[in-house]
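J.: Sequence:
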Amino acid sequence: MKGRIDPSPCKKQILILLINISVTIEGSEPFKGFFIQARSVEHDNWIGAWEPAPNTTIHPECSSITHGDPEFKTRATLLWRAPPDAHGRVYFTGTVLKNYGTFWSNLIAEAPQDPSQLQILG
Numbered sequence: 001m002k003g004r005i006d007p008s009p010c011k012k013q014i015l016i017l018l019i020n021i022s023v024t025i026e027g028s029e030p031f032k033g034f035f036i037q038a039r040s041v042e043h044d045n046w047i048g049a050w051e052p053a054p055n056t057t058i059h060p061e062c063s064s065i066t067h068g069d070p071e072f073k074t075r076a077t078l079l080w081r082a083p084p085d086a087h088g089r090v091y092f093t094g095t096v097l098k099n100y101g102t103f104w105s106n107l108i109a110e111a112p113q114d115p116s117q118l119q120i121l122g
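Under UniProt numbering, the letters of the sequence shown match residues 1 to 122, in that order.
Just so you know, these hints were derived from the structure itself, not from any lab.
Model, not experiment: these values are computed from the prediction.
One thing to keep in mind: the hints can contain errors.
[Unchecked claim] Here are the in silico distance ranges between beta carbons for each label pair: (1) G101 x N45: 30 to 40 Å; (2) H87 x P54: 29 to 39 Å; (3) P70 x I19: 24 to 34 Å; (4) D85 x S28: 17 to 27 Å; (5) G101 x N20: 11 to 21 Å; (6) P30 x D85: 34 to 44 Å; (7) I19 x N99: 17 to 27 Å; (8) E29 x D85: 16 to 26 Å.
[Claimed, not checked] SDA-like cross-link-like pairs, simulated, lysine to any residue; straight-line CA separation at most 25 Å: (9) K32 x I58; (10) K32 x H87; (11) K32 x S105; (12) K98 x G68; (13) K98 x H67; (14) K32 x D85; (15) K73 x E42; (16) K73 x V41; (17) K32 x A86; (18) K98 x P54; (19) K73 x S40; (20) K32 x T57; (21) K73 x W104; (22) K73 x N45; (23) K98 x I19; (24) K73 x L107; (25) K32 x S22; (26) K98 x E110; (27) K73 x H43; (28) K73 x H87; (29) K98 x E26; (30) K32 x P84; (31) K32 x R89; (32) K98 x E42; (33) K32 x D69; (34) K98 x G88; (35) K98 x H43.
Where a beta carbon is used, it is the ideal one built from N, C-alpha and C, also for glycine.
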């Protein structure tokens, strides 16, 4: 028996979809720390995982990442990865700490349909 070279009647489809979103925290003044968490818009539960980054601590039990040192920062860029079974929208919430007496909590940035349009927290 010889293999055929005409088009197969079977449809073949391979779909690999990895969603990574870069979250940047920056401001006009240096800040001491941050705590950022990813949440599902539809269910408001924690979702996804953060990629390791220098001077950060990942908390996988609540899909969050925080600063890992007490140094002042002018910018932090973090990479979040959606879970393999993800669907729907995600938003990021957190706190930015200027110093121990000055901080901003409940900051929210929703990832738009086009991730390149994500607003910067801060």
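J.: Look at each hint and say if it fits the structure.
T.: A quick look at each hint next to the structure:
As the Cβ distance of G101 to N45 is approximately 32 Å, the hint placing it in 30 to 40 Å holds. Evaluation of the 29 to 39 Å hint for H87 and P54 yields a pass: the beta carbon distance comes to about 31 Å. Checked against the hint of 24 to 34 Å, the pair P70 and I19 passes, with Cβ atoms roughly 32 Å apart. Judged by the Cβ atoms, the range 17 to 27 Å given for D85 and S28 is violated: they are separated by roughly 39 Å.
Between G101 and N20 the CB atoms are about 35 Å apart, so this pair departs from the stated range of 11 to 21 Å. Look at P30 against D85: about 39 Å separates their beta carbons, and that is inside 34 to 44 Å. Checking the proposed 17 to 27 Å range against I19 and N99 shows it is violated: the Cβ atoms sit about 35 Å from each other. Distance hint for E29 and D85: a CB-CB separation of about 40 Å, inconsistent with the stated range 16 to 26 Å.
Of the supplied pair hints, the one linking K32 and I58 holds, its CA atoms being roughly 17 Å apart against a limit of 25 Å. Between K32 and H87 the alpha-carbon distance is near 34 Å, which puts this suggested pair outside the 25 Å criterion. For the given pair, K32 sits about 14 Å from S105 by alpha-carbon distance, which is consistent with the 25 Å threshold. With a C-alpha separation of about 15 Å, the suggested pairing of K98 with G68 holds against the 25 Å cut-off.
This hinted pair checks out: K98 and H67 have alpha carbons roughly 12 Å apart, not beyond 25 Å. Proposed proximity of K32 and D85 is contradicted: the alpha carbons are some 35 Å apart, above 25 Å. Between K73 and E42, the direct Cα distance comes to roughly 33 Å. Violation of the 25 Å bound is thereby established for this hinted pair. Taking the CA atoms of K73 and V41, the gap is near 29 Å; set against the 25 Å cutoff, the hint is violated.
Proximity of K32 to A86 is assessed by CA-CA distance (about 32 Å); at most 25 Å being required, the pair is judged violated. For the hint pairing K98 with P54, the CA-to-CA distance comes to about 19 Å; that is within 25 Å, so the pair holds. Of the supplied pair hints, the one linking K73 and S40 is violated, its CA atoms being roughly 28 Å apart against a limit of 25 Å. Distance hint between K32 and T57 is fulfilled; the C-alpha atoms sit about 14 Å from each other, no more than 25 Å.
Straight-line distance between C-alpha atoms of K73 and W104 comes to about 15 Å, which keeps the hinted pair within the 25 Å bound. Between the alpha carbons of K73 and N45 the distance comes to roughly 29 Å, so the proposed pair goes past 25 Å and is violated. The straight-line distance between the Cα atoms of K98 and I19 is roughly 31 Å, outside the 25 Å bound, and the hint therefore fails. For the given pair, K73 sits about 18 Å from L107 by alpha-carbon distance, which is consistent with the 25 Å threshold.
For the proposed pair K32 and S22, the alpha carbon gap of about 20 Å is at most 25 Å, so the pair holds. The straight-line distance between the Cα atoms of K98 and E110 is roughly 23 Å, inside the 25 Å bound, and the hint therefore holds. At most 25 Å may separate the alpha-carbon atoms for a hinted pair to count; K73 and H43 exceed this at roughly 33 Å. Of the supplied pair hints, the one linking K73 and H87 is violated, its CA atoms being roughly 33 Å apart against a limit of 25 Å.
For the hint linking K98 to E26, the alpha-carbon distance of about 11 Å falls within 25 Å, and the restraint holds. The suggested pairing of K32 with P84 is violated, with an alpha-carbon distance near 33 Å, which exceeds 25 Å. At roughly 29 Å between alpha-carbon atoms, K32 and R89 are farther apart than 25 Å, so this suggested pair is violated. Taken as a hint, the K98 and E42 pair is broken in the structure, with Cα atoms around 31 Å apart against an allowance of 25 Å.
Between K32 and D69 the alpha-carbon distance is near 9 Å, which keeps this suggested pair within the 25 Å criterion. Simply put, K98 and G88 have alpha-carbon atoms about 33 Å apart, too far for the 25 Å limit, and the pair is violated. Between K98 and H43 the CA atoms are separated by roughly 31 Å; this puts the pair beyond 25 Å, and the hint is violated.
Violation of the numbered hints given earlier is confined to hints 4, 5, 7, 8, 10, 14, 15, 16, 17, 19, 22, 23, 27, 28, 30, 31, 32, 34 and 35; the remaining hints are satisfied by the structure.
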